[in-house]
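Protein chains in written order, with numbering that gives the first Met the number 0: chain A, 0 to 399; chain B, 0 to 96; chain C, 0 to 315.
Derived from the structure by calculation, the hints contain no laboratory data. Predicted model only: the values in this text are computed from it and were never measured. Among the clues, some could well be false.
As the list claims (entries may be wrong) - Straight-line distance between alpha carbons at most 25 Å, and here's what the computed SDA-like set of lysine to any residue pairs gives:
1) C/K268 / A/H328
2) A/K90 / C/Q280
3) A/K90 / A/S76
Stated by the list, open to error - Stretches of chain B that chain A covers, calculated by requiring three or more beta carbons in the stretch to come under 8 Å of a beta carbon on chain A:
4) 27 to 38
5) 46 to 55
6) 58 to 65
7) 80 to 90
What the hints assert, rightly or not - For the chain A half of the interface with chain C, some residues (derived, Cβ under 7 Å), not all of them:
8) N185
9) E352
10) T353
11) S355
In this text, a Cβ means the ideal position worked out from N, Cα and C, and glycines have one as well.
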Amino acid sequence: MNILIVDDQKFVREAIKADLVESTLEYDFQTFEAEDANQGMEAIVAIDGNIDLLILDLKMDNSDGMEVINFLSVHASYADIPLAVISSSDKRTLGLVSSIASSLKLNLVGVFEKPINMDFILAETARLQSQLDHKMVVKSSESVSDYDINQLLADEQVLLCFQPQVDMKSKNIIGFEVLARMHDENGYIYPDTFLPLIDKAGLNVDFTKIIVAKAFKFWAYEKALSSYTLSINVTAEDLSCDNLIDYIIRHKQAHADIKLILELTESQEVINQASVLNSIARLIINDIGISLDDFGKSYSTYERLDTIPFNEIKIDRSFVCDIDTNEQHHLIVESTIALAKKMSVSVVAEGIETESVLNILAELGCDIAQGYVYSPPIEGRYLIAWVNRYVYKDIAANVH
Amino acid sequence: MFIDISENLRHFFWHYSAERRLPLYQALVGELVNIRSQTGTIENSDQLNTLKHQLKGICRYLSLEFDAQIEVITRRQQLQCMVEHIHGQVVAIADEL
Amino acid sequence: MGHKKYSYQKTIIMRVFSSFLKKIRTEHNLSQEGLRALLNERSHSFDSLDTISISRWERGINTPSLTKQSEIAEVFGDDLFNIYSSDIDFVKESLYAIQLSSCGKNDKAAHPYYKNDQYHTKSMLPDHVDFASMLKLCLMYEGNPRLFPAHQEITSTVSLKPLNVVSAFCNFSQLVGHCLFCKVNTKALFEFMNCSIGIMELLNVAKQERANVLVVLSSFGVSPAIDNHMMSVYLNQLATDKAIEYLSFSTCDSKLKQKLMQMKIPMFKVKPIEHQSKIIQNYSFIMSRSEVMANRNMLMLSVIPTREIQPTNVGI
């Protein structure tokens, strides 16, 4: 096993080498050392990238572990080298470095605080390697072309589920978010599987049309639901399609009493601002609300806030679900709610699983709650029954 | 103020087999001497912080909970004092290795 | 081999459903057109359904997905589990499928002491004399630090009341499989998954509140046959207890996670747990009852009544 140690302190390098000798794991170690980032990068090139584990100190005299991390990400042949970052820095910095390495798609074993435990790092390296091998195997058996997306759409194998949105003060149901599922003879198919297929087949707009049509038909038919808002997910690309905007507006005009909100998911792609704004203007004129979904997850958050006239902000579940234990997330959610209030828009928190999170959100002044704490997405055919149970306070009593 | 770290040092070195102890000891002493001499030429707070960080790393390895003490060091004399404190005790157990 | 096996299953499914349709039409005095109209009216999933499709379904030429079958069954006050578990051929085929490896891999277990021999299972509740020791073994295998307090409370097993342990043995004493599950309440379950409460509290709440979710804490078998057998135990429990609305898994066993993902069960959450300076990943899954019943593999496993499984010396 080839191990490259990049650390400016000789003592640390010696300690790591000594640890390897003491290691209970059976490997033949060959260690290489480097005193700074440049030497480290030279060593990687000299060994031709045949490194089984790279131990990298983050903060070195005269140089910086990040240089090596960037070096690895830039050269495809080195990006696979298992990387263990070590440091005496604080936990937040370590957390940040971990996120960066992961987003650069490096093979990160972990970020470890000094003094490091070599046995543990070696075990983690081995575990990571076997997981990668397994991923290869699983990927090939689940070939994406297993599904004939055109056939599924033609056969009406689309199912709508609805997740309730509850007003935090009154505890009344305000509306439902529409979540699509598909199904075939083996079972349900979920968005993370079918959305890429739909995208690849260029059927995004057709799919959105199907969702809109089904949702409206369902809402129009079930009078008991008509007082609840219908929230449907659309992408920025959807909004640039005039044909789709016409379609949505026609449905809204045909059912004037149905309250509709379009949840605009953040996308990293460059959108043609002019055509999107044009579409949004037409939607607003026709009494259709705009909600900024996954708020805070991408770089364009504030740009969107500035340019798009919206009625509602939806805080992403990854920030919400652990505000009771994660201080950073607590701060982010707190400020987002404050921002929403200043801009006089309503704020929805999604991904709430427990009461303790719900209580904190109530204190922070969040308007609307959505999450497993009330219900997972409910299939259309069971929706009325659920609403009845809730309204008769069965479920409500449990939650309080 | 004298803090006896001899037990920590013994615990650290005993972890390793006899033939690893000497190179480790030499590396440790080398680092401490290095930090000590660099302390003499400190000109700004950046350099001070770099040396503080290095010392912190070493102390962590020796299981010395000195993070807090190192954090509050603002003058090079304080750093010098601390390094000498540790260095002296490391040298003192040399015979036992 | 896997492909052939599935075609035969599909044939049986088609036959069961077509018999169901014919029976329903007779009972309610409906023509095929009448049935189409009724479905169109009562459900939102049959807008483009035509009479010809119904005719094809009855003749066994093709069949709608289990999800659609389920909707049709519900219109008539019935459910898939009922329909399929009453069909002897389907149950027999499911039993047979259990014995085969689901991926067509070599079934000769590379196991030190188990070589596709006879095995028998024992189901234990906390008041059973062997419960404590079997639970300990399950927990050791699973390695989920959040379950360890249950290990310490072993002296008073009454406090572990809603827990179910099923163990599989060969040669009278060698453990070759197990599953650990209990019926709890969703609210408490999410609090457990988010580490707001521990396992003992979860079990405690389960005694007081109405249970609506079956959570599996460990499931394992040395061979795919035993693995599937263990799964069928709790799936059958779910199917027969109509009060249970959800199925959930909370496990640190990456083999089980892999199996669930291959069965296309969506993962709910991955949570890292710190334990003795190591990080262990905890995987959780949750599905509604209708999602379970629409999953062909799970439906097949659920219809097998536990007492009827006769482990045999089936060679591959």
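Violations among the numbered hints, reported as their numbers in ascending order: Hints 3 and 7 are the ones this structure does not satisfy, whereas the remaining hints hold.
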